[in-house]
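Full structure from sequences and hints, please.
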Amino acid sequence: MTLLIKNGRVVDPANEIDAIQDVYVVDGKIAAMGSSPPAGFNARQVIDATGQVVCPGIVDLCARLREPGYEHKGNIKTETSAAARAGVTTLCCPPDTNPVIDTPAVIEHIQQHAQAIGKAKVVVLGALTQGLQSQQLSEMHALKNAGCVGVSNVSQAVNTNIMRRAMEYAASANLTIFIDANDAALSADGCAHEGIVSVRLGLPGIPETAETIAVARELQLIQLTGARCHFYHLSSARAVQMVARAQYDGLPITANVTAHHLFLTEMDIGYFNSQCNVRPPLRTQRDMEGLRNGLRQGSISAICSDHQPHDIDAKLAPFPSSEPGISAIESLLPLTLRLVDSGYLTLSDAIATLTHKPATILGLETGRLDSGRAADICIFDPDEYWEYSEQQIVSFGKNSPFIGWEFKGVVTHTLLDGKLVYQSKQTAN
Amino acid sequence: MIQENIQLDQHGRLKHMLTLEGLKRQMIIDILDTAESFTSVAGQTVKKVPLLRGKTIVNLFFEDSTRTLTTFELAAKRLSADVLKVNVRTSATSKGESLLDMLRNLEAMHCDMFVVRHAESGAAHFIASHVAPHICVINAGDGRHAHPTQALLDMFTIRKHKGEFAPLTVAIVGDIMHSRVARSQIHALTTLGVNEVRVVAPKSLIPTAVNTLGVHVYHDLEEGIRDADVVIMLRLQNERMQGASLPSEHEYFQRYGLIPEKMAAAKPDAIVMHPGPINRGVEMSSEVADGPQSVILEQVSNGIAVRMAVMSMVLGHSSQGATSQ
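First to last, the sequence lines map onto chains A and B.
Under the numbering used here, the first residue of the first sequence is numbered 74, with each subsequent residue one higher.
Under the numbering used here, the first residue of the second sequence is numbered 4, with each subsequent residue one higher.
No wet-lab data here; the hints were simulated from the structure.
Hints should not be assumed to be uniformly reliable.
[Stated by the list, open to error] A few chain A residues facing chain B, derived, Cβ under 7 angstroms:
| id | residue |
| --- | --- |
| 1 | Ile-269 |
| 2 | Val-272 |
| 3 | Leu-274 |
| 4 | Gly-275 |
| 5 | Leu-276 |
| 6 | Leu-389 |
| 7 | Pro-391 |
| 8 | Pro-393 |
[Said to hold, decoys possible] Negatives, chain A to chain B, calculated, CB over 10 angstroms:
| id | residue |
| --- | --- |
| 9 | Ser-109 |
| 10 | Glu-241 |
| 11 | Arg-318 |
Ideal Cβ positions, reconstructed from N, Cα and C, are used throughout, including at glycine.
Right, here's the structure in full:
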């Protein structure tokens, strides 16, 4: 099986490539890039990528598939199809499924199912504690052997001693801990950033300190234990500064943001728009700028979707009792490209935050286009304008505050191991 | 995308009454004037006007209430509407029926107005944005967000005693953090253009960024009510002691309880208000609650006229007033 991607602008930040080139794919792997085909290459299939960007398939650090356990909100088939449409070829599923990902059996179920469907590569995080109950450590070695790329207790609070032991144990197992920095007592029943909007609407607040206190505690524990940790979706400017400072001091930490925290603030809640009910909450304009700066300066190395598809009813409730989360995987690339358009990032840096940088955090060698590697490739038209609408969303969850936004840049082809798993309608004719 | 404020129709008229935020000063004054025209109804032998005859009003109370529920019911009956009370605690939502399913069922019974009280902020907005277009919604208190008719009756009471709003200094004392009444009062007072709005409480009961609502913050009672024309005391819920907002009712009364000696700091002709129900010996002593400066019971009777005004205005009869009798 041979495939030629012709004449596209190849952007491969890991190899510092940004040039008009051809990409030659043989048997699902990248055989060569440049202007001369490898010896004996005879393309069975040709994609004309003139005017398009050809980049590594996107690696999404955090996307919920809702299977097993919450199939009324989505399943592996619907959500990996959404991933393919979004240009995402690898995604990482956090352990808060039902049953929780705390045994090899659940990992096998998810990965076998995803493989059989073949729309995207799915890796998983194991639970840090059994059942995410924050009491007993999970069998991390067994989880690692079954293929998990890290461990996390997601949004469940862990007391300081158990977190310390978990870090020590994870460090010995050479597993990265993915941390959702949130002081549960401070955020309690909160549902919006504690500030000018929460006071106006009378919404119980989640103070900025709920994040910074948790970050401070984990940084101290990382110093003590030497555990390698990743901070998931930071939301406040001060937390970004704390992380940057700790990185400067040499702690083994990385961090990411979600795309929506780079574009929305507490003001977007307006009059109780439940589509803006997310955790961590949307914060201030200053925080949004702080997150963008962290991204530009490199203390935040990746953007993820934090994809959380919901059934319709989940958002049809008064704001505090609506379920938090955005069906976000399909807006990940278009939002990131907005940062390029507004001059915050170069195209190459933007693609890096979606590909080899998140891959590195997951300990994967994907997200790059070296020859010999799997041909996981995203091709998008960077100049196409389109309106984000419910009808366009492939994911089972249509819950998005970005409905109605105009995006620039649309995925035309997604290749997984050299196989076309998505092609836009326009290019299909 | 930010949702528009849905309580006004395309001509800028009141379609629902959800919050006082964003209403024009003139609209608030119109409501107060209309309420004024209804005050005479209570004195008539037949305490009714036929404005809402044939209309069905549903009181949908997801939270307990005596005063608000009763005055809404009386107001609706004096406007000749049919009133239905749905006791939600025993109804289907406690059997797992969703709020929306319940609304659909009530709509199917051809109701015209929902008067809603709910424990969650934004509940009235949620209901107003999902009911059939012919149904009006009145917010009778949603979580910590708003209680517009209470604030309107407070404004009505203030105007009766003080006339003009512009020269007034108004102090709101107590649990600002959890109070929907305080939020609505602040919006009303700033819209009506009073000279100064103060909030008085320990820091643990003052929400972050409250100054962005245009109020001045005080932590000492006497300082906070010094030279005030109006002192509004808020109810203190017992739960606050569990949430570590306060050590005890005893200490609260010592520091923030309104007693005659402290009341002396306010202007001699200042009035004292309270949305009720009062915790005597917690928010204020009986001498103040029953004293000459207290207008607390007057607030309750004004509540009926104000709620008649709001109901008749949102159902589109604002211009007729009470004169049709």
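For each hint, the structure was consulted:
no. : hint    : in the structure
1   : Ile-269 : 5 angstroms, holds
2   : Val-272 : 5 angstroms, holds
3   : Leu-274 : 6 angstroms, holds
4   : Gly-275 : 3 angstroms, holds
5   : Leu-276 : 5 angstroms, holds
6   : Leu-389 : 6 angstroms, holds
7   : Pro-391 : 4 angstroms, holds
8   : Pro-393 : 5 angstroms, holds
9   : Ser-109 : 50 angstroms, holds
10  : Glu-241 : 33 angstroms, holds
11  : Arg-318 : 25 angstroms, holds
Comparing the model with each numbered hint stated earlier shows that all of them hold.
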